[in-house]
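Enquirer: Sequence:
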Amino acid sequence: MDLSAEEVVKGLLSEAAYATPSDNVRVEDLEMKLPKWFDEAKFNQGRRFFSDFCIAHTLSLISGFIAVLAVPTVIKVMIGTQRSNTPYTAYKRYLSTYLHIITWASHDLKPGSPSWRSLHTVRARHVVAGRAARLKKQGTVSQRDLALTMLGLIGFSVLKPDKFHLVSVKKGDMEAFVHFWAVIGAMIGCQDRYNICRKTYDETYQVCQELVDRVLLPCLENVPEYFEHTARVLIDGGSAVFSFIDGDFIIYWTKHLANVPGYIYTEEERLALQRKLKKSRCK
Numbered sequence: 053m054d055l056s057a058e059e060v061v062k063g064l065l066s067e068a069a070y071a072t073p074s075d076n077v078r079v080e081d082l083e084m085k086l087p088k089w090f091d092e093a094k095f096n097q098g099r100r101f102f103s104d105f106c107i108a109h110t111l112s113l114i115s116g117f118i119a120v121l122a123v124p125t126v127i128k129v130m131i132g133t134q135r136s137n138t139p140y141t142a143y144k145r146y147l148s149t150y151l152h153i154i155t156w157a158s159h160d161l162k163p164g165s166p167s168w169r170s171l172h173t174v175r176a177r178h179v180v181a182g183r184a185a186r187l188k189k190q191g192t193v194s195q196r197d198l199a200l201t202m203l204g205l206i207g208f209s210v211l212k213p214d215k216f217h218l219v220s221v222k223k224g225d226m227e228a229f230v231h232f233w234a235v236i237g238a239m240i241g242c243q244d245r246y247n248i249c250r251k252t253y254d255e256t257y258q259v260c261q262e263l264v265d266r267v268l269l270p271c272l273e274n275v276p277e278y279f280e281h282t283a284r285v286l287i288d289g290g291s292a293v294f295s296f297i298d299g300d301f302i303i304y305w306t307k308h309l310a311n312v313p314g315y316i317y318t319e320e321e322r323l324a325l326q327r328k329l330k331k332s333r334c335k
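Residue numbers for the sequence shown follow my numbering, beginning at 53 and rising by one.
Worth flagging that the hints you see were computed from the coordinates, not collected in a lab. A couple of the hints might just be wrong.
Unchecked claim - Subject to a maximum C-alpha distance of 25 Å in a straight line, what follows is the list of computed BS3-like cross-link-like pairs (lysine-lysine):
1. LYS128 / LYS144
2. LYS85 / LYS212
3. LYS189 / LYS215
4. LYS222 / LYS212
5. LYS189 / LYS128
6. LYS215 / LYS144
7. LYS88 / LYS251
8. LYS62 / LYS251
9. LYS162 / LYS94
10. LYS88 / LYS62
11. LYS94 / LYS251
12. LYS94 / LYS222
13. LYS251 / LYS223
14. LYS223 / LYS212
15. LYS94 / LYS223
16. LYS85 / LYS162
17. LYS188 / LYS144
18. LYS62 / LYS162
19. LYS222 / LYS251
20. LYS85 / LYS251
21. LYS162 / LYS88
Using the sequences and the hints, build the whole thing.
Expert: Structure, rendered in structure tokens:
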């Protein structure tokens with residue numbers, strides 16, 4: 053975890069990150085162990101912070117999931133699994149994912165605990181999905197894909213906590229939140245050099261911002277084939293659990309969070325855009 057934010061981003065955008073699978077072993081050979089830098093007190097504070105603002109984090113990760121679907125390598129693997137092609141299959145997939153996250157935040161992370169078993173299940177699914185993708189010549193579940201998935205899970209919470217009314221209740225809450233997700237990333241197979249959650253909140257912020265600007269923003273400006281269908285299916289399936297979400301709004305809100313040009317939300321932003329356009333016409 054000693055790399056700088058710039059070095060982490062550079063590594064994630066390299067061919068090596070795309071070529072390196074999440075795991076190189078069979079499911080039965082997976083070895084689950086805590087990272088050397090695991091801090092139990094900090095981890096528990098982080099999961100408490102997630103639980104305290106569970107709904108806010110949920111809204112953040114819904115938009116994060118939508119944003120990550122715009123990444124061609126990610127959506128290709130997702131389609132290949134055939135677990136997100138209809139509202140019903142998407143409902144089962146994302147409810148399962150959400151329940152895993154709730155399990156991680158609700159239980160101590162110890163061998164044999166519900167969260168430990170849950171993380172093993174998720175990691176094993178990545179191994180199976182990666183192998184299936186390679187056999188179909190549709191890529192793999194790579195270290196880059198894991199990192200981008202992590203970005204979807206926490207990126208908007210880290211970058212724009214004010215949009216979700218996230219505030220530190222205790223000193224160090226955001227640092228602990230980052231540590232919580234750094235551990236989760238390590239447990240599902242993300243190597244330290246590719247883990248977007250760094251030692252500090254500031255470093256993590258830098259990594260997330262760079263990845264949004266250099267990966268998510270361009271992808272959301274020019275979305276890949278099947279993005280609209282897959283995003284709508286995800287939202288339709290998710291609405292069975294979260295009845296307050298609306299497809300048009302969530303897609304618009306996601307692009308707004310990623311700073312896609314033209315996707316303004318407040319009156320202040322509208323006026324700022326008008327001033328910018330007026331200034332450009334005067335040149």
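Enquirer: Going through the earlier hints one by one, which of them does the structure break, listed in rising order?
Expert: Structure breaks hints 2, 3, 6, 18.
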